[in-house]
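Colleague: Listed below, chain by chain, are the residues.
There are 2 protein chains.
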Amino acid sequence: MVNKELIMLPGPTNVPERVLYAMIQPMISHRGAEFHKIYSEIEDNLKYVFQTENDVFVLSSSGTGGVECVVSNLVNRGEKVIVPIFGVFSKRLAEAVRRRGGIPVEVDLPLGTTPKSHHIKEVVEREADAKAVFIVYNETSTGVVVRELPDIVKIAKEKNMLTVVDAVSALGGDKLPVDEWEVDICMAGSQKCLACPPGLSMISVKQNAWEKIEKTENKPFYFDLTLMREYAAKKETPFTPAIPLFYALNEALKMMREEGLERSIERHKRCAEAFYSAIEAYGMTIYPKEKETRSNTVIAVNIPEKVDDSLVRRIMQDKYKVVIGGGMDKLKGKIFRIGNMGKVTLAEVVMTLSALGNALKDVGCHVNIEAGLEAAIKVFDH
Amino acid sequence: MVNKELIMLPGPTNVPERVLYAMIQPMISHRGAEFHKIYSEIEDNLKYVFQTENDVFVLSSSGTGGVECVVSNLVNRGEKVIVPIFGVFSKRLAEAVRRRGGIPVEVDLPLGTTPKSHHIKEVVEREADAKAVFIVYNETSTGVVVRELPDIVKIAKEKNMLTVVDAVSALGGDKLPVDEWEVDICMAGSQKCLACPPGLSMISVKQNAWEKIEKTENKPFYFDLTLMREYAAKKETPFTPAIPLFYALNEALKMMREEGLERSIERHKRCAEAFYSAIEAYGMTIYPKEKETRSNTVIAVNIPEKVDDSLVRRIMQDKYKVVIGGGMDKLKGKIFRIGNMGKVTLAEVVMTLSALGNALKDVGCHVNIEAGLEAAIKVFDH
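Chains D and B supply the protein sequences, listed in that same order. In the working numbering, each number is its position in the first sequence, counted from 1, plus 21. In the working numbering, each number is its position in the second sequence, counted from 1, plus 21.
What the hints contain is simulated information worked out from the structure, not anything from laboratory work. Please note that a few of the clues may not be correct.
[Claimed, not checked] With a cut-off of at most 27 Å between alpha-carbon atoms, the simulated DSSO-like pairs for lysine-lysine come out as follows:
no.	chain 1	residue 1	chain 2	residue 2
1	D	K351	B	K255
2	D	K256	B	K25
3	D	K233	B	K240
4	B	K256	D	K112
5	B	K255	D	K353
6	B	K351	D	K256
7	B	K255	D	K112
8	D	K255	B	K351
9	B	K112	D	K255
10	D	K25	B	K256
11	D	K236	B	K112
12	D	K58	B	K25
13	B	K112	D	K340
14	D	K353	D	K342
15	B	K355	D	K255
16	D	K355	B	K255
Just chain D, same shape as in the assembly (with noise of 0.2 Å):
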C-alpha cells in the first residue's frame, strides 16, 4: 500500500509531516538562546489555542502526568475536591486527589450522561469546605462533552472553589476560552486535537490558582508548578526538556495559528456531525445518551449486537488501513470510539466510515454505505 495506515484513534493522531519532520533538528542547549526562542514562541501560541493571559507551561509528560502534576500541587492531605465520575478518565483524576492523600467527593453519574449544573450545585453546597472542583471536559472513554461548564465554573466560584479542567483531548477541538469562562486550572495533551505527537501535556494557570499552590504542602519536585513558573520568566524548563517533541509542538501550534482556532474547532465540529450522521443513516445508534453532549472529538458508537468489536476493528485496520478504538472499561466490547481530532477533514471521515461499514459487512452486519457516506458528505456541502 502507498499511504500509510490512517489513525482515527481517540489520541495519539495522525501527525502532519510539516510537525513530523520538525523534530529531525540537531540537539540544542537548553539553556541557550535558540531554546529561548523556541519556548517563548510556543508560549505565545499555546496562550492563543487556551484563549487566556494566564500562565502556560509545558510538561515533558503525557496527559496523565499533567494531571498527577495539577492534583499534586494543589491538593493537600485530607482536603476535599469534588470530582463528577462519568467515564475512565474522571475516574483517574479521582484516583490522583486519592492517592495524594486528598479526599474526592465523587458524584457519580451514569456512563454516556455528563454533570449538570444543577448536581454540581447540590454538591458544592452540601460540601462547602472542598476546595476545588475537578472536571474532564471531554470524557474520551464515553465520547461526551460537558456542554455545561461555564455555569459549573460560576457556580464553584460562588462558593470561592477552583475549577481545574481537564481538557485533554478536546483544546483546540472543541469551545474553551479559558480567560472567558474563568477556568482556573485547564490541562491539555500534544497527542490529540493539536495533531502533535505524544509526550508533552499542557497547563494554564490563573492567578488565584498561584495563591493556593504556594500554599500546598509537600508538592513534587519534576511537577513543582512554582519551579516551573521561576524558570518560564527565562523560556526555560526546570529540568531537561523533551527537546524533539518542543520541536514539533511548536510547528503544530504555527499550523494552529495558520488556520484559525475558531476554524480548527469549526472543522472539528463539522466532521463530528457527518460521523454521527453517517452512524444514524448507517442504521446504529450513538452511545451518548443527549444528543447535545456529544463530542466534537470522539464519537462512541454502539457496537451492534452479536458483531464481534475486535474482529471488526482487525479487518478496519488489515484490510482497509483505518485504526479507530475499542470500548475501554466496562465499555470494552460495547461501543467503537473513533477519534475524530487533528487534521481530520471530509476525506477522512469518509475513509473511516467506508472501512466501518465494509468491515460491518464483512463480518455479516448489513449497514446501508452507500446512506451512510451521502449523509456524511450532506454535511460538509452547506
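Chain D is fixed; fit chain B onto it per the hints.
Modeller: Just chain B now, kept in the frame of chain D:
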C-alpha cells in the same frame, strides 16, 4: 557553515542521524501489535545495557522524573534514607526525598570528592533504621564518579538497606553491571551516553525492591511502578507513551548493541583520558580532587584565573561552533564541563579541545594547543 554545532554538553548530546530519523514514522496505537514489538525490543536491549535480569521500564519524562518516580514509589512519610551529598544532582535526590515527606540523612562531602565506603559504613551503622542508600553514581555537576559503588552496595545490603543508584549520566559510558553489583534500583536518562534525544528515563527494579515498593503508601499515579509492571506484562505502558522518543530509543539501543556495551564504555574512557591528558598539557587543572574519581562522561576543568567563563563559551559557540557547559550552582564561573557522552570519538575530542584552546587564546589566555592536541591524539595511538 556546512556542519551543525558540535554539542559537547553534559546532556543533551549529539544525536546520530539514524536515531533522529527513526522518529519520522507514522503514529501507531500504543495498544497495538506494532507498539508491543517496539516495547519488547527496547526491553531486551535495556536489560543488555543495564546488564540485568531485573524488570526495566521506560518513563515518558526526563531523568529527574525518573528520580521522582523512584522516590515516590519507595519512600513513605517519615522514613529515613541516606543520601551522600557531593553536587547538584545528589542535592536534588535529597530534595525529592524531603518533598515526599521522607527524611534524607545527608552525608555532606566536599565538592569535587566522592563518597567512599567508609563514609557509608559509618552512617549505615549510626542510622540503622534507614530504608535505603540513595546515591548518584556519576555527579554531572562536578565530573566525578563513585568508584567505590560496589562496596557501598555491599555495606548497605549487610544492614538490609536497599541501594538506589542515579546513573543518569553514566549508563552506557561507564561500568555499571547492575546484577553483578546487586544494585536494587537504577535510573538512567535517554539523552546522555545512549545518544538519544531527551525526554525518557529508564529504571531497573530488583525483586527485593519490589517487596518494599508494594508496601509504599500513597504512590503517585503517573509514576506508579506497580502499574508499569502490570502493563509491561502485555508490553505496554499504563499511559500514552512519547511514541517518537520510543522509536528513537529503540534505534539508539540497537546502535549500542551493534557497537557492544564494553566497547562503548571503553570508547568513552579513552576519550575521557584524551581530554584529561590534553587539559593538563594545556597547563590547566582538572576539577575533581582525586584522580581515580574523574568521570568518564563529564570532564570538569578549572577555569584559569581572570578568564571570563561565559565569554569563552560564547566564543567557542559563535566562532568555533562547539558547545560545552559551565559550572552549576556554587561552581558557576569556576569550571567548564565538557560532556563526553554518546557517539564521541577522537574527532570530537580534538575539535572540542581545539575550540577551547583557541577561545582561551582569543581572550588572552595562552595555552599550548599543539602540546594539548598531541597529548590527546597519543591516547588513541596505543
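Colleague: Name the hints, by number, that the structure is in violation of.
Modeller: Of the numbered hints, just 13 does not hold.
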